[in-house]
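Be aware that the sequence shown starts at 1, since it is given in UniProt numbering, and climbs by one per residue.
By construction, these hints were calculated from the structure, which means they are not laboratory data. Computed from a prediction, not measured in an experiment: that's the story for all the values here. Glycine included, every Cβ here is placed at the ideal spot set by N, Cα and C. There may be inaccurate statements among the hints.
Claimed, not checked - Simulated crosslink set (DSS-like; lysine-lysine; CA at most 30 Å straight-line): (1) K183 to K292; (2) K183 to K270; (3) K270 to K245; (4) K270 to K357; (5) K245 to K292.
Unchecked claim - Computed spacing ranges between beta-carbons, pair by pair: (6) G94 to E63: 25 to 33 Å; (7) G480 to A355: 49 to 57 Å; (8) G151 to G453: 32 to 40 Å; (9) I358 to R390: 36 to 44 Å; (10) P18 to D441: 20 to 28 Å; (11) D441 to G719: 47 to 55 Å; (12) G269 to P375: 56 to 64 Å; (13) E229 to A355: 29 to 37 Å; (14) A136 to L382: 32 to 40 Å; (15) P158 to T354: 43 to 51 Å; (16) E63 to P158: 34 to 42 Å.
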Amino acid sequence: MTTVTAADESTWGQARWPLGAHPDPAGTTFAVYAPAATRLQLEIYPESLGASATATFLPARGEDGVWRARIAGATAGTLFGYRAWGPNWPYEEGWTPGSAVGFHADLDEQGNRFNPNKVLFDPYGREVTHNVYTDALAGLGVNDGVLGTGGDLVDGVPRRQIDTAPYAPKSVVIDDHTPVSPKPALPAERAVIYEASVKQLTGHPSAARLADLLSGQSGFEDLVNIPAEYQGTYKGAALLAPYLKAIGVTTVELLPVHETNSSESCQPGKTNSWGYMTLSFFAPNRQYSSDKSWGGPTREFKEMVSTFHEAGLEVYLDVVYNHTAEGGNWGGDVNTTGFTSLGGFATAEYYQMTASKIMVDGATGTSNQLSYSSPVARQLVLDSLTYWCRDMGVDGFRFDLATVLGRQPAEAHPEDWNAQRRFFSDHPLLTDIAALAEAEDIEVVAEAWDLWGYEVGNFPRGWGEWNGRYRDAVRRFTKGDGNTIDFLDMLNGDYHHFADNGGPQKSVNFVDAHDGFNLADLVSYQHKHNDQPHPFGPSDGGSDNNLSWDSGGDQSLRRTRLRNLWTILMFSRGVPMVVAGDELGRTQNGNNNPWALDTVAMRNNYDMAATNAPQRVAVAPGLEASYHDNLGEFPSPDPQVNPLLRFASFLMHLRNEHQALHQAAWGDMVAANHDVSYLFHTPGRDGFPTEGDRALAAHIDAPGESFWMMVNMTGQQIGFQVPEPHAGRQWRRLVDTSAQAEAAGSFWPVGQGEVVGGGATVEPWSITVWHEHPTGA
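Produce the entire structure from the sequences given, and follow the hints as far as they go.
If you want it as structure tokens, here you go:
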């Protein structure tokens, strides 16, 4: 083992030596921020697990609190980690890994937790060797408990003294120059977002027959069968691009792809299928890569993005910057934490703590909460975003619990938790992210709520937002609640909350998302069913307020209501978001929170795409479990066609192809809008809808064409009056969601529906849409 002191810090500058590990022909530069540390040791490892360091180096500390070193020979693929000493554990001669030499306390006065026995990976590391829940720890005779601090005895040894060199995740030096194809540069208002996890997209064995299943169906000619070795990976997701393009989505929003804590074998309590426990803000999740070599996940991710871009598809990432997988205080003990990166270098800079230095677990409910009163924490987020959009080619981001990024602790009164809960819409991190988005021409979308509050519509200009008000208003109205005014506001893009934020495209409209009921289950269950056996459960949590309705157990009505939701979503102002599998009729058997279920039952089953009874297919070969048949059989002339898939695809393409349905402004507020107005009427056109009305008409009036959408959320037939078409135009039938139109597919391509006029009788619980366009077109 070699110890080398790094060169004179005065020759280095922060701008020249950014944080992280950066290889060049002369060697690799290493830089990590630890302002309160008194000594830092950089270690090189031959293996990720089961080995001690083969070389150590002592970086030099700069006045900016950054420790830097240049190491010749540390080429791409080098594995490294750090050890840190500080005021609570100063370095003393005689210390060796696993000893207590120099120990004073588990934390210092500021709450930093320095412990040189705990190897740390680089917070800016481009890849991480493994996560702390890896199954490989069991092969070494330990579990993740060895990573903790504090005085609890483990096999007779205080936990703080356990040397984690054989167990801790290591950083990987990455030198990747894989090019990424140019971005589609799609205007925000053109997006149709498809939310999915990487595994959900192609992790089901049916993906191996995707092209065969849809062979002969128009629009799906370019599909390929996805080999087993690529299923559930970035490579597999790339191979799905022709399918996504064919159904009409423009933007794939991936659930978190940052390295997370999750067991490879999906051990109970050690699995996070959705990935909302970020371990590293720069490293792609190694489990999602078919290429597990050092550098493989980075390369494969970029190749996936290129494939999507070449197909004209965007890639958004769901990112989690509100908390980390490092967790909080174990058992409520202030001395015991399991830090493997950020918290081991600078707890006081990165995390919110109480006056007694307990980790704050308030707005996130996940054991810790990052502190964005700290400039270095803010810079970490901005650097991570910049890396993913510039180097990795990403087109946009959705921020989990984004309000945490705008909550600044009350420095003068840290014990005042009411002050800590205040949301600052002009918080420097939020405005800096908006500025970055404008400079890089990317989209940033907030989940604008957390456990401390709901801030939809309150983010700075430039941010888009998941519109939870839209979700709730549409769910309520389509089950007959008569919340008419809220429903119309949402159909019109939530003008009151987004008029000052750039336009209706800043409202991301959704009826379902990864958490909560998916679309088919929303119309099929009164209550969540999360206590099922594997593979549909069990799971904890999940909202009890789903605003769902089981449609009285009527399978035909459930199918109608699914078409209603698709129709409303695609005809609303704003940007629609759907969840993977909604187009197929995918069901989770009523589980509304399967975050820890990394099972085949939660992935897209493409056998559903080739049948008119999608919920009657087998869950997977050899599996005894079955889907609940909530939808029954769609009447169809071809039993090998999924009518819901056809209907959803038609609507998504319709929205893409008609400018009236993807506008960036309201009415005639700007000339480029071409004066597209949403006008609302009673069925008889004798007034305007009022609260409690469950039947109404929406006229989407645009130059050259218009749409008349007749919505009947009552149990009776309702007659609607429609005005005469403009000169030189005619009304044609476009959509009918009712059971009576199922055999015809429930839609008619533009210009092919029968010419209609005067009025229509709309069946109970259904929607009819007419399209006005030039005669003969």
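Each hint tested on the structure:
Restraint check: the Cα-Cα separation between K183 and K292 comes to about 26 Å, which is no more than 30 Å; the hinted pair holds. With a C-alpha separation of about 36 Å, the suggested pair K183 and K270 falls outside the 30 Å cut-off, and the hint is violated. Taking the CA atoms of K270 and K245, the gap is near 35 Å; set against the 30 Å cutoff, the hint is violated. Restraint check for K270 and K357: the C-alpha separation of about 27 Å stays at or below 30 Å, so the hint holds.
Taking the CA atoms of K245 and K292, the gap is near 28 Å; set against the 30 Å cutoff, the hint holds. Distance hint for G94 and E63: a CB-CB separation of about 30 Å, consistent with the stated range 25 to 33 Å. Taking the beta carbon of each, G480 and A355 are about 51 Å apart, inside 49 to 57 Å as hinted. Between G151 and G453 the CB atoms are about 38 Å apart, so this pair conforms to the stated range of 32 to 40 Å.
At roughly 38 Å, the beta carbons of I358 and R390 sit within the given window of 36 to 44 Å. Separated by about 23 Å at the C-beta atoms, P18 and D441 satisfy the suggested range of 20 to 28 Å. Here the CB-CB span from D441 to G719 is close to 49 Å, well matched to the stated 47 to 55 Å. Between G269 and P375 the beta carbons are some 36 Å apart, a value that contradicts the proposed interval 56 to 64 Å.
As the Cβ distance of E229 to A355 is approximately 53 Å, the hint placing it in 29 to 37 Å is violated. Look at A136 against L382: about 34 Å separates their beta carbons, and that is inside 32 to 40 Å. Roughly 25 Å separates the CB atoms of P158 and T354, a value that falls outside the hinted 43 to 51 Å. For E63 paired with P158, a C-beta distance near 35 Å keeps the hint of 34 to 42 Å intact.
The structure fails to meet hints 2, 3, 12, 13 and 15 from the earlier list, while all remaining hints are met.
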